[in-house]
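Sequences and hints are given; from them, build the entire structure.
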Amino acid sequence: MKAKLSPSLLSREENAMKSIKDLLDVGGCTIAEMPAENPREITAPRYTVALIEHDYPARTAVMWNAAYRAFDFPLQNVMLVGSASDARHTLAALKADQGYLGGGAGVGFKDEVVEHLDELDETAKRVGAVNFILKTHAGNLRGYNTDGLGFAEGLESVFLRDDEMIAGKKVVFLGAGATGNAIAFALANKGVRMTILNRTEAKAKQLAERVNSAYGRKLAAFGGEDDVAREIQTAHAIVNVSTKGAAGEFEQYSALAPARLPANADNIAANHKAASKLFSLVPVRAVVCDIVLGTKPTPFIEEATQRGYRTMDGIPMVVNQGVEAFWILHSEDLKRKGLTKRDVREVMAGAAKK
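So the sequence shown is numbered by our numbering: it starts at 14 and just counts up by one.
Hints are supplied without guarantee of correctness; some may be wrong.
Stated by the list, open to error - Calculated pairs, DSSO-like style, for lysine-lysine (alpha carbon to alpha carbon, straight line, at most 27 Å):
no.: 1; residue 1: 138; residue 2: 231
no.: 2; residue 1: 138; residue 2: 183
no.: 3; residue 1: 354; residue 2: 367
Think of the hints as simulated: they come from the structure by calculation, not from any bench.
In structure tokens:
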């Protein structure tokens, strides 16, 4: 359920909100219920907080809290559901909160928080979205984007298992949202060619042009949903970065085919039939990827698995981006304990499978 800022919060001055407790008290945020091992209350004196716009079975809390226990850090990670339209008030409260160290900007917040942060790292500036926020020693909020790197490392690992290099591969994007932006730049950095397909073609064009401009060469092409059948025939990987398959009205739709609303039996069946036809065009060695996390595989991943394709769900990206974010925040303390990124990855990967 999405939290909605109460009139009492809207009527207050921004600087009146001094803590997460204030946000919770007035209903500006609620503690997420679906993520595994998400605390029901904040009890630690210092904590990290992940913001999401709707409740879903995210892995952040279980991964970060497992790491805090494993490395004997007296900290707590809590996922909060809030309204991205109230990001300015929410971030002001986090900035004023003496216990807040930083945390995630998840579904709904990746774009919205950017203009309310004090600083952005170079990757976040280029992508135009963040997934992690650090409170600096000076008390500023600095945004990072580790999503793209997390996905790229995961996909590269899939290819490497079969002694294939990722450079030069063609990846077809289904969607062009905030996470898609991050993934596009990270893959471009590894020399991947891509075709970005989106229902609104202008959005795909904008992302492709930004990637090509940043790298000074044509790595990205673009198109609309009508181009899916042609582009997937030469794809080395296909990645769903759209809302198809995610919790809500698009949950039962396959990412490979157009989705018509309302989500009734006839429209869902038509989508699955069209997706099945398109799957017959996908090369047998292609990797089928979906960034959506849920309690079960998305229709896109489920059919790909049944057909024998190599697949990658959202877990590798979540683990890899989490490791990078955890290292950004806690590297000094980890190094003092003689710990490495590999140690963090081992703990987080184990926790994410729960």
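Verification of the supplied hints:
1. Under the criterion of a C-alpha separation no larger than 27 Å, the hint pairing residue 138 with residue 231 is consistent with the structure, at around 21 Å.
2. Our distance criterion of 27 Å between C-alpha atoms is met by residue 138 and residue 183, whose separation comes to about 25 Å.
3. Pair hint residue 354 plus residue 367 holds up; C-alpha atoms about 21 Å apart against a cutoff of 27 Å.
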